[in-house]
Amino acid sequence: MKRICILSLAGMALSATTFGGSFQLNLQGMRQVAMGGSGVAMPWDASTIFYNPGGLSRLSGMQAYGSVYLVSPTIRYVPDNEGGNYYETKKHTSTPFALYVGGPLKKDSRWGVGLGVYTPFGSSAKWGNEWTGRYITESISLQSVFIQPTVSYRIHDIVSVGAGFIYSTGTVEIHKAIPLQNSNGDDGQAELSGKANGVGFNVGVQIKASDNFNIGMSYRSAVKMKVKDGDATFTVPQSVASNFPNTSFSTQLPLPSILTIGAAYQATQALTIQADLVVAGWKKYDSLKFDFENNTVALQDTRDPRLYKNTVALRLGAHYQISKEVSAMIGGAFDPTPSDAKYLSPDAVDADRVSLSCGIVITPLEKLNIMAALNYTTTAGHKASYTPANFNGTYQIKSLSPAIGVSYSF
Amino acid sequence: MKATYYSIAAALLLLSACKPTIQGEAPTKGNADFSNYVAIGNSLTAGYADGTLYRSGQLNSYPNMLAQQFKLVGGGNFKQPLLPGNFGWPGAKRVLGSTLSCDGTTGLGPVLYNGPADTAGSSTNISAQGPFNNLGVPGIRCIDYTLAGYGAIAQVLGGVGYAARMYPNPLTDKPVDIAARSNATFFTLWLGNNDVLGYATGGGEGNGKGGGQPADISPLITFEASYRTVVDTMTAHGAKGVLINIPDVTSIPFFTTIPAMGLVLARQGQADSLTAAYAMAGLNIKFNVGANPFIIQDTSAPGGMRPIKNGEYILLTTPQDSIKCRGWGSKKPIPKRYVLDATEVSNVQTATANFNNVIATVAKEKGLPVVNANAYLKTLQSGIKFNGLTFTPAFVTGGAFSLDGVHLTPRGYALMANEIIRVINSYYGATIPSVDITKYNGVLFP
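Taken in sequence, the protein lines are chains S and F. Take 1 as the starting number for the first sequence in my numbering and just add one per residue. Take 1 as the starting number for the second sequence in my numbering and just add one per residue.
So here's chain F without its partners, still in its complex pose (with noise of 0.2 Å):
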C-alpha cells in the first residue's frame, strides 16, 4: 500500500516537474491609493473615436484600460457613463468602405456607418446611476471646468449632450464641481487638448490670441486659473494622480494625411496651361511636371492666393472631389478654411507650448508626475512597436489613430494607458502590470 503511494507521488513529483515554473514580476501599488480611480478629460478620456462616441469606444477607453490595471493592485469599480449602443451618438461612426471618387474611381476610405441606429436612450440623463468614475466629456475645454451650467451650454451652443446626460444637474452644475464629489483617491488628468484643437480642426479662422469661443485659442491667463483650480480641487483631500500634456496637434493624421506637395501633374501641358492662366492674372506661380504644392488661399498674398509652403498643413476634411475634379488646389485656391497656415500652425504651437508649461509647473508645485504624452505620441513618426505590431500617426494604416484622423484607435489608447502607467509605476514606486495591446482592435477592414 505504501509502495502505491510513494510511486503516485513520485509520478506527481515528475510529472509536475515537466511543467514551467516561471513568474511574472507581483503587481503592487507602491505608494499611491487605487481604490477610487477618477478620470479627467475630454473626448481623448471618454473613449471618443471614428468621429463620435460609441459603447466599445468607451469601454476601450485609456481610464477603463488603467481601472482593469489599478484593479490587479486595490483598484475599485470603475463607472463609465457607458452609451446603449455602437452606432455613434449623437452622428454615426465612421467605418472603412468603399467609396466613389467624382472621376469614377473605387477606393477605400472612411465613410458613415450605416448598420442599425441603436442609440435609443442616448440623451437620457443618466446621473442617477453616478458617481461616474471616467468624467471625461467630448468637446469640454480646460477653460470650461470652471464654467456652472456647462452641460446645459454645450448641449444648447454646440449641439451636444454628452455632459448634461451624465451631470446631475446640467443647468448649473460646474464641471469641476462634479469631479470634485468624485472623491477620487487616484486622478488621471488629461485636459487642454480643445483649449487649442478646436481652433486648429476649424483651420485658424478663430481667434489665435485667444479669443475664448471654441474655435479660438483659449486664453492663458484663464487656462491656467481653470487648471490650477481642477488640479486644487482633485488633490483637496490628499488624493494622487498624474497630469498629461498636451500633444502637439499638428503631428495628427487630421493635418498630416494630404500632403502639401499634393498636386500632382503628368504631362507638361498641364503645367505650362497652369502657369499661364496665373500668369494671365498676374501671378508669377510656375508649375512644374510632378509634384507641386497646392495652391491656397491667402488674403495677404497677391491674388489672395499662393502656393502651400512647407510646414503648412491642409485639413483632413477638405473634400476630395473638389481637388480632384473641381480644380481646387490647382486652377483656384483651396478656402483657408481648411488650410492652417504658417501663421496658424505657429500660433497652436506656441499656446501648445505655453499650456504644457502650465502644467509642468502645476505638477511640480503639486508633486505629480507628468505624462509628456506630446514627447511620447511624436515618436510615432518613427514608428512605435509591439510584440510585432509598428504603429505609425499614418492615416489608416499607421493602427494607431481611428478613422476621424485626431482620436485613437482602441489599440492607440492602449499605447497610451501603457505609457500612463509607465510614469505611475516610476513615480509612485508601483509594479503595475502595463496592457496587452494586441487584445485590443487597430483600424478594421471591410
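Just chain S, with the same shape it has in the complex (with noise of 0.2 Å):
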C-alpha cells in the first residue's frame, strides 16, 4: 500500500463563483432614494441625469449636485437540518455615491447637458473562512461605476428628450476556499481579482402632461461588465501545487437593461405623489463562466448556472413641501428577486426585498439643498439551494441605509 500514488485530481475542479446576483443599487438620488426609488417621471434635481436624461433640459439652471450612502447589509444563512446554527455575513460597509453637473445650457434654453458619475451596481459579502459555505464564497466584492456624458433636448413644453453615453468600469475580487487541506488542515485558498469595464447608454423621455401631471420613461441599456485578463491565485499544499499555476482568466457579467415607467401627481400646492414601474432585464444572465488561460486537469474553466429571470419591480413616494426651506419625502418599495430558488449562491443572496424610506431636504440659501435620507430594506425569510453545490438553507436580508447629500444651483 505504501507506493500507491495514483493521484488523480480530477473532480477537485474549482467550481467558480459569481460576482453578483440582484445587485442593483438603487441610490442615486437623495429625494428619489427618500421616496421609495421612484422618480421617473418628474425632474427632481440633477440627478435627473440617472433617473430620466430626458428631464435635464427642464432643470430651471445648472446644478452641481453630490451623494454619498452608507450600506451594510447584514445577511444571514440558515442551513437546512442544523437547528439553531446560523452564519452572517461580517460587518462591511460600501460607500456607494453619485455626482451629477448638469441643466439646461443657459435659462430657457431647449439643451441641456450634464456628465453623470455613479454606482448603480455593486455587491459585497464577506462569509469569512471558517464557515460552511467558504467551498463556495468567502468573499466577494463587486464594484463598479458609470461615467455617463448627456444631453437633453426639451422639444416643446410638454415633451423633452434626452441621452446618455455609459462608459462602465469597475473591479471583482472573489475569495473561495479549495478543498484540499494541508497536513494542519487548513483549506486551500483561490483569489480571483480584476479589472471590468463595459459601454451602455441610458435614453428617457419626460411629458409634462400638465401643470400637476409628469410622465417619464427611461431606458438604461445593459451593459456587459468584461473581465479581460483578471489574476488567479491559488494557494495550495505543495504536492499538489502543480495542479493549480497561477493564471489569468477571463469572465463577464451582464448587468441587466432597466426600462422604467413612471407618473407624478401633484395633488396639492405641498404634496407629489409619484410612482415607478421598473423591469429589469436579468434574463440574460444565464450562466457565469470562468475561462482559465492556463488549463489543468484539476483547474478547469467553469460555468455556473445563474438562471435569472426579469423582474417589475413596484416604487412609490411622496413629497411634502413643509415650508420654503423644509420638505419631507416618505415611500416605499417591492424589488421581486431575478433568482431561482434552485440556483441562489450564497455569494449572490437575494429574496424578495421590501424598502421603506423617508428623507428630508432642507435649503438654507435659495441655491443650496441640504439632503438626508434613510432606507430600510429586509426580506422575509427565504428557502433556498444552490443546487450544483447541494447547499441548501434559509436566508434572510437586512440592512439600514443612510444618506447624505449635497446641491448648488449656479
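To be clear, the hints were calculated from the coordinates, so they are not data collected in a lab. Watch out, some of these pointers could steer you wrong.
Here are the simulated DSSO-like pairs of lysine-lysine, each with C-alpha atoms no more than 30 Å apart in a straight line [to be verified]:
| hint | chain 1 | residue 1 | chain 2 | residue 2 |
| --- | --- | --- | --- | --- |
| 1 | S | K91 | F | K439 |
| 2 | F | K71 | F | K439 |
| 3 | F | K385 | S | K383 |
| 4 | S | K309 | S | K195 |
| 5 | F | K309 | S | K342 |
| 6 | S | K126 | S | K107 |
| 7 | S | K126 | F | K19 |
| 8 | F | K439 | S | K398 |
| 9 | F | K331 | S | K284 |
| 10 | F | K439 | S | K342 |
| 11 | F | K331 | S | K90 |
| 12 | F | K331 | F | K309 |
| 13 | S | K383 | S | K126 |
| 14 | F | K439 | S | K90 |
| 15 | F | K29 | F | K286 |
| 16 | F | K19 | S | K90 |
| 17 | S | K383 | F | K332 |
| 18 | F | K385 | S | K342 |
| 19 | F | K385 | S | K283 |
| 20 | F | K174 | F | K364 |
| 21 | S | K383 | S | K342 |
| 22 | F | K19 | S | K342 |
| 23 | S | K90 | F | K378 |
| 24 | F | K286 | S | K126 |
| 25 | F | K364 | S | K91 |
| 26 | S | K398 | F | K19 |
| 27 | F | K29 | F | K385 |
| 28 | F | K29 | S | K383 |
| 29 | F | K309 | S | K383 |
| 30 | S | K224 | S | K283 |
| 31 | S | K224 | S | K126 |
| 32 | S | K289 | F | K385 |
| 33 | S | K226 | S | K367 |
| 34 | F | K378 | S | K309 |
| 35 | F | K331 | S | K383 |
| 36 | S | K126 | F | K385 |
| 37 | F | K286 | F | K331 |
| 38 | S | K309 | F | K19 |
| 39 | S | K383 | S | K289 |
With the hints in hand, could you dock these two chains into one complex?
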C-alpha cells in the first residue's frame, strides 16, 4: 500500500463563483431614494441624469450635486437541518455615491447637458474563511462606476428627451476555499481579481402632461462587464501545487437593462405623489463562466448556472413641501428577486425585498440644498438551494442605509 | 428626560431592526431518550482510520459526532476509551507523503507517519475510567460478541489489545456483557463488517463458506445467534436505537483502486513478446498495445494463471514495485492472496446479503430502524455533495475514505453520522440537527 500514488485531482476542480446577483443599487438620488426609489417622471434635480436624461433640459438651471450612501447589509444564512446554527456576513460598509453636474445650457435654453458619475451596481459579502459555505464563497466584492455624459433637448413645453452614453469601469475580487487541506487541516485558497469594463447608454422621455401631472420613461441598456485579464492566484498544499498554477482568467457579467415607466401627480400645492414601474432584464444572466488561461486536470474552465428571470419592481413615494426651506419625503418599494430558488449561491444572496424610506431636504440658502435620507430594506426568510453544490438553507437580508447629499445651483 | 429615553429606545429599535431574525428549527428528541447513548461496533465505530487507531480519529468517530448532536436534545456525557496520542497504536498511521518507485519515479502516496511516537501508556488498562459509551473495538466480529475472554484472545491471537485495554476483565469478559453493563438508553449498533471483511482483505484465502477463523466468512447461523443476543441485550430494558447494516466491501477503494485493466503496454513489441512468451508455455493469452487485464494466479486455470476478469479485484496491498519492476501481472501472475476472484467476490456478496437479511429481520422484530449503509455508501459512486464538497469512493482524492482504503476520513464519518441522524429523526420523530461536515478534515496533503 505504501507506494500507491494514483493521484488524480479530477473532481477537485475549482467550481466557479459569481460576482453578483441582484446587486442593483437603487441609490442614485437623495429625494428619489427617500421616495422608495421612484423618480422617472419628475426632474427633481440634477440626479435626473440617472433617473431620466429627458428631464435634464427641464431643470431651472445648472446644478452640481453630490451624495454618498452608507450601505452595510447583514445577511443571515440558516442551514437546513442544523438546529439553531446560523451564519452571518461580516460587517462591512460600502459607500456608493453619485455626482452630477448639469442642466440647461443657459436660462430658457432648449438644450441641456450634464455629466453623471454614479454606482448603480455593486455587491459585497464577506462570509469569512471558516463558515460552512467557504468552498462556494468566502468573500466577494464587485464595484462599478458608471460615467455618463448626457444631452437633453426640450422639444416643446410638454415633451423633452435625453440620451447619455455610459462607460462603466469596475473591479471584482473573489475569495473562496479549495477543498485541498494541508497537514494542519487548512484549506487551499483561490483568489480571483480583475478589472472590468463595459459600455451602454441611458435614454429617456419626460412629458409634462399638465401643470400637475408628469410622465416619464427611461431605458438604461444592458452593460456587459468584461474581465479580460484577471489574476487567479491559488494557495494549495505544495504536493499538488502544480495542478493549480497562477494564471489569468476572463469572464463577463451582464448588468441588466432597466426600463422604467412612471408618473408624478401634484395633488396639492405642497404634496406630490409618484410611482414607478421598473422592468429589469435579468434574463440574460443565464450562467456565469470563468475561462482560465492555463487549464490543468484540476483547474478547468467553469460554468455555473444562474437562470435569472426578468423582474418588475414597484416604487412609490410622496414629497411634501413643509415650508420654503424644508421638504420631507416618504416612500416604499417592492423588488422581486430575479434569482431562481434552486440556483441561489451564497455569493449572490437575494430574495424579494421590501424597502421603506424617508428623507428631508433643507434649503438654507436659495441655491443650496442639504439632503438626508434613510432606507430600510428587509426580506422575509427565503428558502433556497444552490443545487450544484447541494447548499441548502434559508436566507434573510436586512439593511439600514443612511445617506447625505448636497446640491448647489449656479 | 423622557424624550431622551424615547429617542434611545427608538434608536435601539432601529438598530435591532437591522439584524436578521430568522431561526432554524429547534432540536427535539422525539420519542427517544438520548441521556445515555452507547455505540456498539467495530473499527468503524471506534474511529479507526489510516490503518490504525489514534486519538484524533477517536474524537472524530461518528459516535462522538452523534453524541455532540444528541447533547442538543438531552444527551449526556459521552466517554470514549481515548488513546494518549496521535501516532497510531499499535502501528503508525498512514499519511500522504513522497514515495519513490523502483523505476526511480517519485509520487505522492500513503507512507507511514514518522513523527514522534506518543504511544506511551496506550496499552494500559483504562477500564477504571469507564463505563465507556463508545464500545467500538477494532477487529471485532459479530460472532466474537458472545465469546468469553475475547479481550485476551484477541490480544494473544491477533496481537491487538483494543478490547483488553478497555474491558475490566479481559480474560473472562464477553463483549456483550460489557454492552449490557452500559445501561444504554439509546444505542447504535454497527456490527458484521468484520464477519466478511477479514476474508475479503485477505484475498479470499480463508473459508468462504463460514469457517469461523478471522480470515474466514463467519457462519450464518453463528452470526444470527450472536446478532440476536446483542440486540436482545441492548433492548432488554427498553432502550431504543438504530441498527446499521453492512456495506458492500467490494465497492471500497481497498479493492477498486488498482484497476483490473491496469497492464498498460506502450509498444507493439512488448505485447508481441508477452504473447509469444505465454504461447511458449502453452497458454493462449494475447496482449495488445494499450490497456490489458493483469495476469492473476488461478490454480484452477490452465497453467495456474489467466487474465483477470471484469468484476474481480486486485487488493490495495499488492506491492506496486513488483507490478512495476518485477513483472507481476504481466510476465508472472499476481499471487492469489492479492486477488479477489469471481468466486470469492460472490462469497463476499452472498454473505453480506445474508447478514443484512438477518439485520433487517431482527430490526423488524424488535421495532428498530435500520440505517442502510450498504445503499448509502453506494451513492458515493455517483458523488455525494455537501456545501460545495463532492465525495466519491476514489482513493485519496474522493475525500471519504482514509489512507487505508477501508475506513473513513473524519468527513466520511460525518457523512455517516448525518445519514444515521436522518434515520433517527424520521423513525423517532426527532429533529436532531445534522453535523456540519466542513468542520472536519478530509485527506490531508503535504
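Cross-check of the supplied hints:
1. S:K91 - F:K439: Between K91 of chain S and K439 of chain F the Cα gap is close to 23 Å, so the pair holds against 30 Å.
2. F:K71 - F:K439: holds (18 Å)
3. F:K385 - S:K383: Between K385 of chain F and K383 of chain S the Cα gap is close to 19 Å, so the pair holds against 30 Å.
4. S:K309 - S:K195: With Cα atoms ~26 Å apart, K309 of chain S and K195 of chain S stay inside 30 Å; holds.
5. F:K309 - S:K342: Given that 30 Å is the threshold and the Cα spacing comes to 43 Å, the pair is violated.
6. S:K126 - S:K107: Distance ~49 Å between K126 of chain S and K107 of chain S Cα, so the pair is violated.
7. S:K126 - F:K19: Answer holds: K126 of chain S to K19 of chain F is near 16 Å, not above 30 Å.
8. F:K439 - S:K398: Between K439 of chain F and K398 of chain S the Cα gap is close to 27 Å, so the pair holds against 30 Å.
9. F:K331 - S:K284: violated (60 Å)
10. F:K439 - S:K342: Within the cut-off at roughly 25 Å; holds.
11. F:K331 - S:K90: violated (63 Å)
12. F:K331 - F:K309: With Cα atoms ~17 Å apart, K331 of chain F and K309 of chain F stay inside 30 Å; holds.
13. S:K383 - S:K126: Between K383 of chain S and K126 of chain S the Cα gap is close to 20 Å, so the pair holds against 30 Å.
14. F:K439 - S:K90: holds (19 Å)
15. F:K29 - F:K286: Cα-Cα ~63 Å, so violated.
16. F:K19 - S:K90: OK: K19 of chain F and K90 of chain S at ~12 Å, within 30 Å.
17. S:K383 - F:K332: violated (60 Å)
18. F:K385 - S:K342: holds (15 Å)
19. F:K385 - S:K283: Holds, at roughly 28 Å.
20. F:K174 - F:K364: Holds, because 26 Å separates the two Cα atoms, which is no more than 30 Å.
21. S:K383 - S:K342: Holds, at roughly 9 Å.
22. F:K19 - S:K342: Holds, because 25 Å separates the two Cα atoms, which is no more than 30 Å.
23. S:K90 - F:K378: violated (39 Å)
24. F:K286 - S:K126: violated (61 Å)
25. F:K364 - S:K91: violated (53 Å)
26. S:K398 - F:K19: This hinted pair holds, its Cα atoms lying about 6 Å apart.
27. F:K29 - F:K385: At roughly 27 Å apart (the allowed maximum being 30 Å), K385 of chain F and K29 of chain F satisfy the hint.
28. F:K29 - S:K383: Satisfied, since the Cα-Cα distance of roughly 24 Å is no more than 30 Å.
29. F:K309 - S:K383: violated (49 Å)
30. S:K224 - S:K283: The given pair, whose Cα atoms are some 13 Å apart, holds under the 30 Å limit.
31. S:K224 - S:K126: Measuring from Cα to Cα gives roughly 25 Å; hence the hint holds.
32. S:K289 - F:K385: Since the Cα atoms of K289 of chain S and K385 of chain F sit roughly 21 Å apart, the hinted pair holds (cutoff 30 Å).
33. S:K226 - S:K367: violated (41 Å)
34. F:K378 - S:K309: violated (37 Å)
35. F:K331 - S:K383: Cα-Cα ~61 Å, so violated.
36. S:K126 - F:K385: Holds, at roughly 23 Å.
37. F:K286 - F:K331: holds (12 Å)
38. S:K309 - F:K19: The given pair, whose Cα atoms are some 28 Å apart, holds under the 30 Å limit.
39. S:K383 - S:K289: Holds. K383 of chain S to K289 of chain S sits at ~25 Å (cutoff 30 Å).
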